[in-house]
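Participant: Here is how the chains run, residue by residue.
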Amino acid sequence: MSAESKPLPIVDVINLRKRYGLVQALKGISFSIGKGEIVGFLGPNGAGKSTTLRILSGLIPADSGEAKVCGVDLAEEEGEVRKHIGFLAENNPLPEELRVIEYLNFRANLKGLEGSRKRERIRLALDACDLERRIAERKIGNLSKGYRQRVGIADALLAEPRLVILDEPTIGLDPRQSAITRKMMERLRGDVSFLLSSHILSEVEACCDRMIILSHGQIVAEGTMNDLQKMFINKTVFEIVSSDSKIDLQKAIRRIDQSCELLYDDPVEVLSKRRFTFSTNRGEEKAEEILRALIKNEELSISEFQISRPDLETIFLRATKKNWEVQDYLGRGKKNRSAKIESHKPKTS
Amino acid sequence: MNGYWHILKHELFGLFISPSTYVASFYFLSLLGIGFRFFIEGFSNTAWILPPLSSLVVGLTFGAPALVPFLTMRSFAEERRLGTLETLMSAPVGSFGLVLGKWTAALFFFLIICALALCFPLLLWYGFPEQAVSLGFNELEHWIGGCAFLAIFGASFTAVGIFASCLTKNQMVAGMLTFTLLTLYLAAMAFTFGEHQNISSPSDLSQFLQVGLGSLNQGLNKAQHFAVGIIDLSTLLHQAVLTFLFLGLSTLQVERLKH
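Chains as they are written, first to last, in the numbering used here: chain A, 15 to 363; chain V, 110 to 368.
Next comes chain A alone, as it looks inside the complex (with noise of 0.2 Å):
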C-alpha cells in the first residue's frame, strides 16, 4: 500500500509532553491508532497513562507536542475534537441524584443530539450496553457499581464516537460485567477505535489488538502481542511431557539444537511420566523441528508437547522493569552527584 493510499489514523500523537509542577508526567510520547483498532494502554501507576487519556478527550492541554484526534488537532479545535469522542473517566463520576436515562438525555443533548436521532442513539447506546428499560428508569444513586459502569460506557457511545477512551472501564467490576464490557467492545470492533487503559493485564491481553505500555511517562514498548513476546522474550520455552528418562530426552533433542537447556523437570500425576521444560534461543520454528524429530524417533514417547507463550504480564514486567532500572540509576545517580556536591558544602559551625 502506497504512503498516499493509507487511511487516515484516528489518533495521531506526536512528541507529547506535560508537566505536573516539578512532575515531568509525560515525556514526550508517539503513537497512533487506526480505523476500529482496540488498543490497550497499559503502565504502572504514576506512569502517565490517564494524563494522555486526558489530554486527548480534550479535559488537559499538553504542554508541547501535537495530538490529532480524527485528523483534527487538539490544540486548535478542542470542541470539534470533543465531537469524535467518546470518554468514560476513571472511577466514572455520575450524578446520582439523575435518572438513567435522563442522564442520558442530558449527555445527548449536550453533544448536539436532538429529536428522533437522539432517541434513536440513547436506545442503541441502552442495547449496547445491557441496560434494559427497567434500569433505564432508576436513580443512578441506586445502581450498582456494575451497571453505574455501563451508564458511563453508554454516554461514552452515545455520539456515534470514532474513538472510545475508556479509563479503568473495569475496576471493580465482578468477572461476569467484565465479560460484557468485553463483549460490548467486541461487538464494536471495526466501527469505533478504541482506547483502552487497565490493569487487568488478562483482560487487555483478551480483547485489544495492540498494546502500548507505559513507564515513567515514556512509552516502553509497543506492538501486538506477538511483537511484544518477540521483543521482549528471546528464549522460546516448551514443555514436553514424556516417560522417557531426561539424558536420553536430551540427547535427542542436542542432536537438533545444541543451544537447548533443559531448565526443570517435574513429575506428573500420572505414573511414570515426568513434564520437562526445555528452552532455546532459536525461535519457535526450531522449537516445532525438535516436536517433529522428537514424534519420528521410534524409541521415545512423547505424550505432549506445548510452546509456552509468556502472558502479558511477564511482557509487562520486563518492560517497565528496564524503565524502573534506568529510572533508579538516574536516581542514584542524581543523589551520588547531590551527596558530592554536598560533601564538598564548606561546614559551618
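These are computed hints drawn from the structure, not numbers from a lab. Any given hint might turn out to be false.
Stated by the list, open to error - Covered stretches of chain V, as calculated for chain A (at least 3 residues, CB under 8 Å):
hint	stretch
1	179 to 193
2	196 to 206
As the list claims (entries may be wrong) - Restricting the straight-line Cα-Cα distance to at most 20 Å, the calculated cross-link-like pairs of lysine-lysine (PhoX-like) are:
hint	chain 1	residue 1	chain 2	residue 2
3	V	K367	A	K97
4	A	K287	A	K265
5	V	K278	V	K367
6	A	K300	A	K244
7	A	K159	A	K197
8	A	K300	A	K310
9	A	K153	V	K118
10	A	K287	A	K260
11	A	K132	V	K118
Please read all numbers here as calculations on a predicted model, not as lab measurements. Note that CB positions come from ideal geometry on N, CA and C, so glycine has one too.
Following the hints, complete the assembly by docking chain V onto the known chain A.
Facilitator: Just chain V now, with coordinates in the frame of chain A:
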C-alpha cells in the same frame, strides 16, 4: 456558549429537585413574610423614607446573603467533589457557557423567590384594597423600579455565589464565602448610606476613580430612585460590571482547573 441552554435546563431541574432549595426558600419567605407583616402594621407611625414596596425590595436585598448561598453553593463545588465536572467538560461544552448556564439558573430561581415575596403586597391588595392603595401598592412605577432593582442586584449576587462555588470542592465553604462577600458588600452600602460625593471637578485620577468606582457602594442611595420608578443607569452599569467581573473570574477558574 456551547451547551448553554442544556446546562441551564439541567441546573434548573437540579434546583427544583433539590430539597435544600425548598427548605431555604421556605424559611426565607416565612421570615420575610413575618417581617413584612409587622413592618406594614407599624409603617404609618414611622418616618421611613422609602415606600413599603421599595422597603420590601431592600429587605429582600439584605436577606439575599441568607438565600443566594443555597442557590449557588452546589453548582461547581459539588460537581468538583463528585468529579462530574470532568465528565461535563468531556462533552463539547465551553467554560463560559457552563458558567453562564449555572449562573442563569441560580438567578432565575432567585427571581422566582423574589416574585413569591412580591406576592405579599399583592395578597394585601387583594384582601384589603383600600389600605393597599394608601400604602402605594397600586403605583406601577414602584413595581417596575423594585423589580429592576432586584434583578440587577440578584444578577451580581448570584455571580458572586457562582465564583465562590468555583473556588472550592466544599459546598459549605462556598456557601460561607458567598455569605461573607455579600454581607461585606451590603455592610459597605449600609455604612455609606446617605453620603453624597461631589463630582464637580474629577480632574486627578484618584478623584476620578473615587467617583467612578466609589458609587459602587451607593446602591442603597439609588434605591430611592428605583423606588419611584427611575432606573438609575450608573447602578445598572455598576452591577453589570460586577456581574461580568465575577462571571469572568469564574470562567478563568474553570479553565484553570483544567491545568
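Participant: Going straight from one Cα to the other, do K300 of chain A and K310 of chain A come out at no more than 20 Å?
Facilitator: holds, 15 Å
Participant: Compare the distance between the alpha carbons of K132 of chain A and K118 of chain V with 20 Å, and conclude whether the hinted pair is satisfied.
Facilitator: With Cα atoms ~17 Å apart, K132 of chain A and K118 of chain V stay inside 20 Å; holds.
Participant: Do the alpha carbons of K278 of chain V and K367 of chain V lie within 20 Å of each other, as the hint requires?
Facilitator: Given that 20 Å is the threshold and the Cα spacing comes to 15 Å, the pair holds.
Participant: Do the alpha carbons of K287 of chain A and K260 of chain A lie within 20 Å of each other, as the hint requires?
Facilitator: holds, 11 Å
Participant: Taking beta carbons only, do three or more residues of the stretch 179 to 193 of chain V come closer than 8 Å to chain A?
Facilitator: Satisfied; 3 residues make the cut.
Participant: Tell me whether the statement that chain A covers the stretch 196 to 206 of chain V is true, taking a Cβ distance below 8 Å and needing three residues at minimum.
Facilitator: holds (count 8)
Participant: Keeping to a limit of 20 Å between CA atoms, is the pair of K367 of chain V and K97 of chain A held or broken?
Facilitator: holds, 18 Å
Participant: Are the Cα atoms of K153 of chain A and K118 of chain V separated by 20 Å or less?
Facilitator: Satisfied, since the Cα-Cα distance of roughly 18 Å is no more than 20 Å.
Participant: Need the status of pair K287 of chain A, K265 of chain A: alpha-carbon distance at most 20 Å?
Facilitator: holds, 18 Å
Participant: For K300 of chain A and K244 of chain A, compute the direct alpha-carbon distance and say whether it is at most 20 Å.
Facilitator: Roughly 15 Å between the alpha carbons, so the hint for K300 of chain A and K244 of chain A holds.
Participant: Taking only the CA atoms, is the gap from K159 of chain A to K197 of chain A under or equal to 20 Å?
Facilitator: holds, 18 Å
Comparing the model with each earlier hint shows no violations; every hint is respected.
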